[in-house]
Every structure is written in structure tokens, then in C-alpha cells.
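Chemist: These protein sequences, in sequence, are chains A and B.
For the first sequence, this note's numbering gives the first residue as 3, with consecutive numbering after it.
For the second sequence, this note's numbering gives the first residue as 2, with consecutive numbering after it.
Calculated from the structure, these hints are not laboratory results.
Don't take every hint at face value.
[To be verified] So the derived list for chain B, only partly shown, Cβ under 10 Å to chain A, looks like this: (1) I25; (2) F176; (3) S344; (4) P364.
Note that CB positions come from ideal geometry on N, CA and C, so glycine has one too.
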Amino acid sequence: MEFFFGSFVKIVAVVAWVYGLLRVMGNSSKLVKIVGIVAMFGIVQVAILVKIGDDAILNSFDTGLLFQACTMVMVALGLNLIYGFNGQFSLGQYGFYGIGAYTAADITYRWTNGQASGLIVAGIGVVLIGAVILGLNRFLSRFRGLPVLSAFTLYLIGVIVAGVVAYYVGATIGDALTPLFGSTDAPGILRSDIALQLVFVLAVLIAGIFAAEVAFLFGLPVLTLGSDYFGIASLGFTIVVNTLMVNTDTILPFPEMKGGQGMIGIPKVTTWFWAFAFLLLVIIVMRNVIHSSTGRAIMSVREDETASKAMGINIANYKLLSFVIGSLFAGIGGGVYAHYIGFLSPGTFDFIVGFNPLIIIVFGGLGSMTGTIVAGFFWMFFLEGMLRVLLGQMGTDAPTWRYVLYPITLLLMMLLRPKGLLGKVEWGFLRPEEVTPRRTAEMLNSATGVMPTVK
Amino acid sequence: MQKANSTQRSLPAVRTSGARLAWIGRGFLIILALMALIVLVRNFINNPLLFAQIVISGLQLGFVYALIALGYTMVYGIVRLINFAHGDVFMAGAFVSYFAVTRFQLHVWPTLIDPNLPPIVITVVGSITVILLSMAVCALLAVTIERVAYKPLRNAPRIAALITAIGVSFFIEYFGALNFVFSPRFIPYQRPFEVVTWYIRDGIHLVIDGKAPPDGSITFSNIAIIIMVVSILMQLSLQFLVRRTRIGKAMRATAFDKQAAQLMGINVDRIISITFALGAALAGLGGVLYAIAYPSINTLLGVLPGLKAFVAAVMGGIGSIPGAFIGALIMGQAESLTAGYISTPMRDAIAFTILIVVLLVRPTGIFGEPEKEKA
Chain A
3 MEFFFGSFVK
13 IVAVVAWVYG
23 LLRVMGNSSK
33 LVKIVGIVAM
43 FGIVQVAILV
53 KIGDDAILNS
63 FDTGLLFQAC
73 TMVMVALGLN
83 LIYGFNGQFS
93 LGQYGFYGIG
103 AYTAADITYR
113 WTNGQASGLI
123 VAGIGVVLIG
133 AVILGLNRFL
143 SRFRGLPVLS
153 AFTLYLIGVI
163 VAGVVAYYVG
173 ATIGDALTPL
183 FGSTDAPGIL
193 RSDIALQLVF
203 VLAVLIAGIF
213 AAEVAFLFGL
223 PVLTLGSDYF
233 GIASLGFTIV
243 VNTLMVNTDT
253 ILPFPEMKGG
263 QGMIGIPKVT
273 TWFWAFAFLL
283 LVIIVMRNVI
293 HSSTGRAIMS
303 VREDETASKA
313 MGINIANYKL
323 LSFVIGSLFA
333 GIGGGVYAHY
343 IGFLSPGTFD
353 FIVGFNPLII
363 IVFGGLGSMT
373 GTIVAGFFWM
383 FFLEGMLRVL
393 LGQMGTDAPT
403 WRYVLYPITL
413 LLMMLLRPKG
423 LLGKVEWGFL
433 RPEEVTPRRT
443 AEMLNSATGV
453 MPTVK
Chain B
2 MQKANSTQRS
12 LPAVRTSGAR
22 LAWIGRGFLI
32 ILALMALIVL
42 VRNFINNPLL
52 FAQIVISGLQ
62 LGFVYALIAL
72 GYTMVYGIVR
82 LINFAHGDVF
92 MAGAFVSYFA
102 VTRFQLHVWP
112 TLIDPNLPPI
122 VITVVGSITV
132 ILLSMAVCAL
142 LAVTIERVAY
152 KPLRNAPRIA
162 ALITAIGVSF
172 FIEYFGALNF
182 VFSPRFIPYQ
192 RPFEVVTWYI
202 RDGIHLVIDG
212 KAPPDGSITF
222 SNIAIIIMVV
232 SILMQLSLQF
242 LVRRTRIGKA
252 MRATAFDKQA
262 AQLMGINVDR
272 IISITFALGA
282 ALAGLGGVLY
292 AIAYPSINTL
302 LGVLPGLKAF
312 VAAVMGGIGS
322 IPGAFIGALI
332 MGQAESLTAG
342 YISTPMRDAI
352 AFTILIVVLL
362 VRPTGIFGEP
372 EKEKA
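Same shape as in the complex, but just chain B (with noise of 0.2 Å):
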């Protein structure tokens, strides 16, 4: 190696501490935040209503991304693996939703019972359905996957089932763009229930098909209040299964260590299943949603809000529940602030700026705990 360092050699004998030059990358960092904390201020003193509007609908994009990422920091925090199939598992939720509504009518099915029944009620009960069924459906999905794909190639190294994990992905996509299985089009989505829109000026008013609500007033659609509050209640009882019941007890002692775990008696292998269910079935829901929210659906659909939603949770700690939540909810807010005032195409570019960065400063992410080297 004598060769090799020859650089190194040439140089003076007494080399200086770089440390006390870490205030240029630290002033880099801030002279950025004032960057952006100016570019904000500046927007939201000349159009507050905007910038509401802007924020509504990055909580209506975050609370989406949390959905996925949930899943995404499970089991990347038990098997150590980016899951790049996720995201196609949100795009398989969105699909079999829109099979059902489109093809088996699902959300009307109340009315097989009782034609009478109020309408409410069979929306209600309808849309329910339809969710579950995704979810479901999601679950199964995904735990073929990691039966086919991951399990065999547990011990080999991290890389070889990362390579695995994309070419499932791949798979599924370019799978479901065949003619006879989806065809790679944009379908525009069914709805099970209806989207209303309702705006805030001087009270809250509905917004009347075809008319534009008045200048000056803020909008937000019932989809928006169901992602948040299905996103929130998702997390919570997540939280709580994870914390208090003996297989969130189980998935927490599998993700410290594996072989110790195996030795206390527990079936790692259905751990990971379930871990993956558990996931997928978040990740079907929020395919659903977003599918509601955006309905416009195509195969390569899950590939974009996937990653992003990986970066969130990588941002937020990975492994970490609330970390996921957390980081998903600043990257819906930096996309949504980065469409809005810097510039529409870049919104995909910020997520992974905003990771390189977040990574840099705290490698563990936000909410992550410094741990040991894993092999």
C-alpha cells in the first residue's frame, strides 16, 4: 500500500484539526434555512390564503406518505431491507379498489340487502368494504412476496435482496402494464363515494359542482379530513400494537436481535410475515385514499410516493413509528411548499435533498436512536 499513500506522504508532517473548521458547513446549513425560512415568510405576509391552501393539501399529501412509510420503517427496522416493492403494494391497493367499485360494484353492496337502507349507510358500509377487501388483498400480496423473494435470500448479503426487492418491483409493475393485465394507461379512477368540497369564508359553505368557490376562501374536500384522521388512527393503533400487545412485544425483540429473539421462543419467520402484512395493509389503505384523492390511476403509480415515503421514514428514524409520521409530514409539506413557490417539476427533486441533508447533520434520522452495528 506504499503507492497508494504517496499523496499522503508528500504532505507537511503537522496536519491541523478540521474540526474547527466545522463552522463552515454549519453556516451552509443555516445561510440554506434562511433561504428557505425567507422564501417562506415572504409568500405567506403577501398571500396567507394561499399558503393555508399550499399547507392543507401537503398535510393531505403527508398524511398519505405516513400511511406507506409506516410499513416501509417496519421492515426495514425487523429484516434490515429497503422494500422497494412497497410502493407497488400502495399501486396493487389502489388497483383492486378500483376493480371492485368498477367491476363487483362492492360499494353498493348494502343494497343487496336492503334496497331501502339510507343512502349514508350504504356509502358507509359500501366504501368500507372496498377498503378492507385492498387491504386484505395488500396483505396477501405482500406476504407472498417476502415468501417467494426475501425469504430465501435472508442470509446472503443486504445487497442481494435489495437487488431482489427492485426487480419485484419491476415484476409487478411492468407485470400489470401488460394489455391483458391492466395495460400501462392512466384509468381514470371510480370513486366508491363522492368527493365534496367545501370552502371557508365567513362560515363554511359547499362548494356547488362547476362553480368556482369565491376569491379569498380556503378549500379542503372531505378526502382530506379521512386521510387525516384514518392516517392518525392508523398510527395510534399501530403504536399501541406495537407497544402493548405480545406481537408488538415480538416484532420489537426480533427487530433488537434476531437470533436472540428465535432463542426466547419466538417464530421469527411469522414475525416477519406479519410485519409485512401488517404494512401492506397500511400501504393498501393509503393507495385507496390516495387513489380517491388523485383519481388517476396507472401501474407506475406507487414508484414516486414509495420513495418519498422511504425517505420519510428514513428522515424520521427508521424503525421509529412516530419518526415515520413525523417525517412524512415534512416531506408532504416540503413538496407541497416546494410546488407551490419554487418551482412544480422540483418537488421530486426536494424529497432527496432534504434527506442527503437530514442525513448529514443526524445520521440516525430525527427520531432515530444511535444503535449498534448490525451485520
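Isolated chain A, as found in the complex (with noise of 0.2 Å):
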């Protein structure tokens, strides 16, 4: 029973928190902004260190909710971008997750262990392959009405030549490096904790641009096949992804991630610091993108296709960047998970689980930020936290019993209120700025000179 309101006053707490949070972000003055994250970054700190009685107030199996909320906060606003805002039903997301997870514990695994060329190559690699994609898309962009199958080999032979240009390059300036980490007895100025910080915050930062690379070349072909097909290619990736996963070692060349016995001795660097500082950038770009013009072509996409086309709106693109951001999240949400426990496994990514982001952004409101944040954070603390532990008690039953009762609550959600918990509310920093006449002649003014007649 004390558990039970213990939850229930962390779940409260925790609402209130992301309340707070959003309130300050939105606040005008940069000072309240600035000092007022800080704060809210404080509170929750605070209450990892100070201890009462024996625990902390927030104790190690809370903090690791908070961790997992994070990063599930920041797939599920990815998800929510891909399917709420443009209404491209994507089942994939875990995919991208899992890709990000991967592709930055190897990296710092590899650093850990006193291999640069992770880094290196994986750093040139999304560099280049970026450069190829972006350089092709102004291209190709010169031809009116090119095949999508071409577009794909073209960028396809890109991205290969890219890769393997980044591998050998890559692999002959970290081998050069390796002198400077020193022995595990005499460490080198790159075995120290700051260079294993920046890496870290490298390689999330890697892991995000590589996913959404995958993201690009994937759905650059398959967006274009409609809404229902998407979302069973898009399931299909995610099952190759974990295919892939569970073979990291025999069908992939990465013996260190162990395939289906899953990557151990991946360094712990998450810390609610950099837990924190991701899930703030992911909403900051998340927010500027939906408010600003794009995001309203992105919106409109998913309104009327046809409509927005007329508009002058080129929808595969808006479709495409969309996806694209969407999957840049989820692969940072990734990095941050995988630095969390240290230990990755193909299970935490199988596509059964996949529907969890789904599940969270029906629950908080399809195309609300708020709504997914909400249902982020009050899904992790009271499903996986709370009824874990309560149904942990009744019996050994109890991981299936949580999806007996994810299906129902989706099922009378959809049934009762589909439009989720909050609709479309949105809190301070994430409300649209609203358009007052002074606000209006501020643009004006600001815009180059141009002054819009209206007719």
C-alpha cells in the first residue's frame, strides 16, 4: 500500500515536473528561461543525491524510470512527428531506436577499449554519407518527374562508395590514434573521463545522424507506397533490424556486440545530465520545427494530400523529412538508452515491444507534444514502474499481464477517446505563439524589407 501512493505521488510529482518545466521554457524573458531549467534540472538532482533514511529520494530503480522515460519521450515525440503530425503510420521507430542504441555503444565501447576507429569511422562515415545525400538531393532535384527506383540506386551506390571511402580513411587515422590512449596502467590523455564524455555525447550525436541516414534511404522508396503498405514495410524493417541484431556477429562483422546473447561492457556515461540535455534539445528542435513553416507543410500533408499539393507543397519531400527527423530522434534516444544500463540485447528491441511509442502517442494525443511527453513519462512510471511491481507481487505472470492490459487500454482508448488524454492541449513553451497585431508588425518589420500587400 505505501508503495502504491508512493508511485502515485512520484507519478503526480513527475507530471507536475514536466508542467513546471514547460511553463519556464515557454516564459519570455531569457533570464526566467535560463535560470528556470537549471532549476528544474536542480530539483530532480537533488533528489538523485539527498538521502533519506537509507535511500534517495528518487532511488536507483526510480532514477532508471526516469532514464528509460527520457529516451522513450524522445522516440515517441519522434514517432509523433512521423505519424501525428504528418500521418504517416510508421511501425519502424524501434528500428531506428535500435540502430542508434547500437551504433553509439559501439563506438564507445570501442573507445573504452582503447580503439579510436569507431569514432573516426563512423564520424566520417555519417559526415560523408550526409554530404552524398544532401549533394544528390540538390541534384537530382534539377530532374522533374524521376523515377523513385532511380532516385534509390543513385543514392544507394552514394552512400556505398561513401561508407567505404569513411571505413578506409577512418580506420587509418584511429589506428594512428591508438598510441595516444596509452596502457590500462599508464592511461593516455584519451583514456580520461572527459574525452570519454565528449565521445559519448559524439557518439549519440553520431548514432542520431546515422539513423536518420537509414531513415532517408529507406524511406525514400517505401513512403511512396501509401499508408497501409508503409506500415507493414516499416514493421518489416524493424524485424530485419532485430534479424540483423540477434547475427550482429555471424551476418554483421561485430563480434563485440555478441548477437542474441546481447553487448555487455558498454560504458555507463548516461547520467540524468546528459539524459536531461537530450530530452531538452530533442524538444527544442521538435517545437521550432512544428511552429515554424515547414511544420506547417508537414501538417498539411497529413490534412490533404491533394490540397497541400496544390498549394505548391512537394509532399514526398515533406513525407521524407519528416520520417527523417522523427528517426535523428529516435536514434539519440537510443544512444542515451544504451549508455544507461551498459548492456544492450536484441530483446529490448523486438518488434513486439515496438508498439510501445505507438501505444504512448494514441494515449497522449496524436499531433500533440505535450500529450506525448505527458504519456512518455507517466507511461514508464506508472505501467512499467507501478503495475510492474504490483503485478510482480500477485505473481510470476506478471510481464505478460502488462501487455494483457497495454492491448485493452489501446483498444478502449480508440473505442472512447481517440483523439487521447489530452487532445490537443499544448503547455506554455510548446503553445504556438500566438498572433497578436503587435506580434504581426514585429515580422513585418523584421522581414527583408518585403512588405506582403494584402488584396
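Join these two chains into a complex; the hints should help.
Modeler: What follows is the structure, encoded as C-alpha cells:
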């Protein structure tokens, strides 16, 4: 009973915390913003550090939930961008989550084992592939009505060439750096803690961008298939990624990932600071994308493809863009997750678990960022935290019972409240800027001298 | 939208036609196909017997997929819903027959009438009863699912129904996995009749238990033959039902235009229920046969076959019965050839790769007709 109330208080506190965070972020004064964000960060940090009796206010179990909630919110926000805002039903989010997790984990794993080549190869590869994709995109947009398959082939060739170049260049540079690591007895400059933190941040970003690039290659042909088929194909993507994860040591050349046994020995670098920082990054990017003209174009594709086409919106481009950004978030979330327990197993990225972000965004409301964030935290603390423990006390069936209850919740949500719990309500920071006459005048003045004439 | 198009504005004013570059994509596909062909031909020349063996196991798999795919294609043709729970109905078929056999000894019930009946009659009558029972229970299950979960959402956005379907599917799988229901373990399946295997080498011989067939022989089993015969029979009778009977006519009318069908006096709800029941009965049949062929069952049994059968139905052209059949056979071959010659774990991946390629080349599937967009 005590546990029940404790969890309940924690859930309320977390939701209130999210509300407060979004409120301070939405404040117009920069000072309040910065102080507020630091304060919101500090509150949780203090709760993790301060001990009452034997245990901290947030014990390790709760902290774990918190980190997982942060990653889950990132993944779910990405999915909400793809499905909630752009209307492309995707079941592939966990595939990109997994790609991000394994990529980031591999980079830091190799780093802690005195191998810089992982970071260098991945870094150069990501940059080169990105450059190739952007360049080709520029070049190919000259051709009107280019068949998607031809475009895909060209991109694929470009990416493979870039990847091979990155591999050879990166391996050479990486090997040259090996002496800087020193030995375990006399650690070199690259083995220091600060270097590891830096590598971790780079690894998470690289993992996110890598996931985004994979999403680009996958989405380019597959997004043209239409909603249902896209859903199935992206589910297939998750299954394929999972199959590859189980066979990382046999099909893929990564013996350190140990295939189905799971990858161990990943440095546990994720602290509350990093989880919070990346969560903040994702929220800010997401909010700014949604409230820009790009975001409005993305949403118009969801509302009516024909009408938005008539307005001059390149539908295929915006579908791809939102898919790529959504996968970027998933990849970043994966990178953060991988460094929290220091263990990755393919079972974590099973396609059946992959429905979790879908449940979260449906629960929180499709096309509502606040809903996703709150539902993500709520889901983690209520279903994963509270229910799991309570059910665990009842019997050995606990994990199964969870999966019996999720679909029932999903069904009831779909039947009774298809708009989600919070509907379209947005809190503080995430609310669109109100258009007042003064604000319009400001915007017009700041525009480059072009005064649109109203006819 | 000016900002959004700023990238396009900076482009050169003259645009060239991209259609001229279509050969790149086509060339890519041709190279892929050639590579696959080379692998197949080389392996065929190296060891034709092994190749034939793999093709036989692919046929067995493909005909089971065909049974599931028929249900998918009918349901999708009428309500435009990927019935995710269809794979779980397939699983339910296997479990019903398992309980019928182990708990109730239904496969030997003719002995109750007359113990002196010839064993072959007992086996045949008993097995057919078990299968019919499974089909009936599956049909009932599917109609219940349709009434409870899908019907209230018939006018909601299609994706809402899809999410509901995923929810139903999960619910069945994990409710079944509870310890007091079926338990999450793999359960060894007790067959209603024994599987007998023959090998072909200088004539057809029986494989004796515990003795490997000699080298250079092709083996096949009675269940493979039963699966093929039953699957073809079902396909033909379904084709007859849809093409020649009143119900079939009503089904086609509903698939073509639901509202117009309603105006013509067709009870659309009833037709949809019948479609679900028919598809589920076929899936239940497939489930029993699948469990007999691969005798180890668990509640997640239906997930992958279900998905692959759906892919097969899409590949053949969703809504088309011969299409689903051909698609399923291709899927079975692709899977067993991949498992045999490329790598076993990638057998699940190949289905989705083929789906993407087929849909890119022919968005309506192999047998699908271009249709008007329906809301």
C-alpha cells in the first residue's frame, strides 16, 4: 500500500515537473528561461542525491525509470512527428531506436577498449554519407518526375561509396591515434574521463544522424507505397533490424556485439544531466520544427495531400523530411538508452515491444507534443514502474499481464477517446505563438523589407 | 509557404525530364534479379536433389501461407483493414486442435461408436472432426472480434481500425500466454494422425523411424501432400463461392462499393461477418495443418506467418484470390530458398524486401487491377 501511494505521488510529481519545465521554457524572458531550466534540472538532481534514511528520494529504480522515460519520450516524439503530425503510419521507430543504440554503444565500447577507429570511422562516415545525400538531393531535384527507384539506386551507390571511403580513411586515422590511449597502467590523454564524456556526446549525435540517414534511404522508396503498406514495410524494417541484431556476430562483422546474447561492457555514461540535456534538445528541435513553415507544411500533408500539393508543397519531400527527423530523435534516444545500463540485447528492440511508442502517442494524443511527453513519463512510471512491481507481487505472470493490459488500454482509447487523453492541449513552451497585431507588425518589420500587400 | 520552397527557388530554372533516367532503377532491379538467378542456377547445377528438396519444403510452407492469405485478401478487399488478428486466429486454430486431441481425444472418437472400425477410417474421420472443430471455433472467434472491436470503428479513420487490430492481436497473444490459459512456453503438439515420410530413390520407399533416408534421395511426407491438396481444394471452392453463389456476388458488390451495395438491399454487416468467418475458418485450417507439419506451438506462433501471408496477399494484388495464392507460393519459395542458400535468419527479412520491390514496380500487386481511390 505504501508503495502504491509512493508511486502515485511520484507520478503526480513527474507530471507537475513536466508542466513546470514547459512553463519556464515558454517564458518570454531569457533569464527566467535559463534559471528555470537549471532549477528544473537541479530539483531532480537533488532528489537523486539527497538521502532520506537509507535511500535517496529517487532511488536507483526510480532513476532508471526516469532515464528510460526520457529516451522513450524522445522516441515517441519522433514517432509523433511521423505519424501524429505527418500522418505516415510507421511501425519502424524501434528499428531506428535500435540502430541508434547499437551504433552509439559500439563507438564508446571501442573507445574504452583503446580503439579510436570506431568513432573516427562512424564520424567520417556519417558526415560523408550526409554530404553525399545532400549533394545528390540538390543534383537530382533538377530532374522532374524522376522515378523513385532510379533516385534510390543513385543514393544507394553514393552511400556505399561514401561508406567505403570513410571506412578506409577512418581506419587509418583511428589506428594512428591508438598510441594516445596509453596502456591501462599509464592511461594516455584519450583514456581520460573528459574524453569519454565528449566521445559519448559525439557518439549519441552520430548515432542519431546515422539512424536518420538509414531512414532516408529506407523512406525514399517505401514512403511512396501508401499508408497501410508503409506501416507493414516499416514493421518489416523493425523485424529485419532485429534479425540483424541477433546475428551481429555472424552476418554482420561486429563480434563485440555478441549477437543474441546481448552486448555487454558499454560504459555507463548516461547521467541525469545527459538524459535531461538530450531530452531538452529533442523537445526544442521538435517544437521549432512544428511551429515553423516546415511544420505547417508537414501538417498540411496529413490533412489533405491533394490540397497541399495544390499549394505547391512537395509532398514526397515533406514525408521524407518528417520521417528522417523522427528517426533522428529515435537514434538519439537509442544512444542515450544504450549508455544507461551498459547492456544491450536484441530482445529490447523486438518488434512487439516496438509498439510501445505507438501506444504512448495514441494515449497522449496524436499531434500533441505535450500529450506525448506526459504520456511517455506517465507510461514509464505507471505501467512500467508501478504496475510491474504490483503485478510482480501477485505472481510470475507479471510481464505477460502488462501486455494483456496495454492492448486493452489501447482498445478502450481507440473506442472511447480517439483524440488521446489530452487532446490537442499544449503547455507553455509548446504552445504556438499567439498572433497578435503587435507581433505581426514586429514580424513584418524584421522581414527583409518586403511588405506583402493584402489584396 | 514561401520559406518552405526556398530550396526550390534557388534551383536553375530549366529542369530536365527525370523519366529519361528510369533505366537506372530498372537496371538496378535487373542486376538484383540476375544475382538471385545466378545463385539459384549455380546451386541447382551443383546439387539438383537438394534444390528439389528445398523447393518441396517451400511448397509446403507456401500452401499454408496461401490458406492464411486468402482470409487477409478477402477481409482487406471488403473492409480495407489489415486484420492483424488474423495471424492469431491461425494460432488459435492450432491450439483448439491441440486441446481437442490431448484433452478430449477427439481424433479417436469413432472408436466410441465401434472400436472394431478399421484404423484408417478412425484416423480420417477423427482428424476431419478435429479440423472442422478448429475451423468453427476460429470462425466464431473472428466474428466476435469483428463485432466487438472493428464494427464500432467502421466509419472512423482507417488507421484507428488498424491500431485496434494491433491491439486485438496483442491481447489474444498475451492473454493466451498467461499461465492459466496456454502459458508462454512452447508446447509439443500432439498430432491427430501420424506423419509418414517417404523418400524417392529408385521408386518410392517408406522412411523407417530412426533411420536416415539414403543419400541422394528426396523425401516428402503425407502432411505436405495433404497441405497442398487441401489448400488447392479450398482455393477452388472459395473461387466458386465468390464467383458463382449469391453470397459471393454480395461479397463482390460490398467490396466494390459498400454504400451502393447497401442500397441494393445487401446486408453489409452480415456479409462482412461472413467474410471474417470464412477467412478465419481457412486460417484455422491452416493453423492445424501448420502445427501438424511443425509440431511445436506457442501463442506467438501466428505472428510471423500472419505477416508473411499478408505480404503474400499484397504481393499478389490485395482483394484477388488467385493473386493471394500465387503470392503465397512465391513467398514460400523465397523463404525456403533464402534459408537454404543465403542465410537462415534472413528468411524473415526476405518477405519484406520482396514486398517493397513488388510494390515499387507494380503498386497494385501482380494480379491487382488498378482501382479508383476509395475513401
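Chemist: Confirm or reject each hint.
Modeler: Do the hints match the structure? See the list:
About 4 Å separates the beta-carbon of I25/B from the nearest beta-carbon of chain A, less than 10 Å, and the hint is met. Annotation: interface hint on F176/B holds; nearest CB of chain A at approximately 5 Å, less than 10 Å. The beta carbon of S344/B comes within 6 Å of a beta carbon in chain A, closer than 10 Å, and the hint placing it at the interface holds. Hint on P364/B holds. Least Cβ distance to chain A is approximately 7 Å, under the 10 Å limit.
When held up to the earlier numbered hints, the structure conflicts with none and fits them all.
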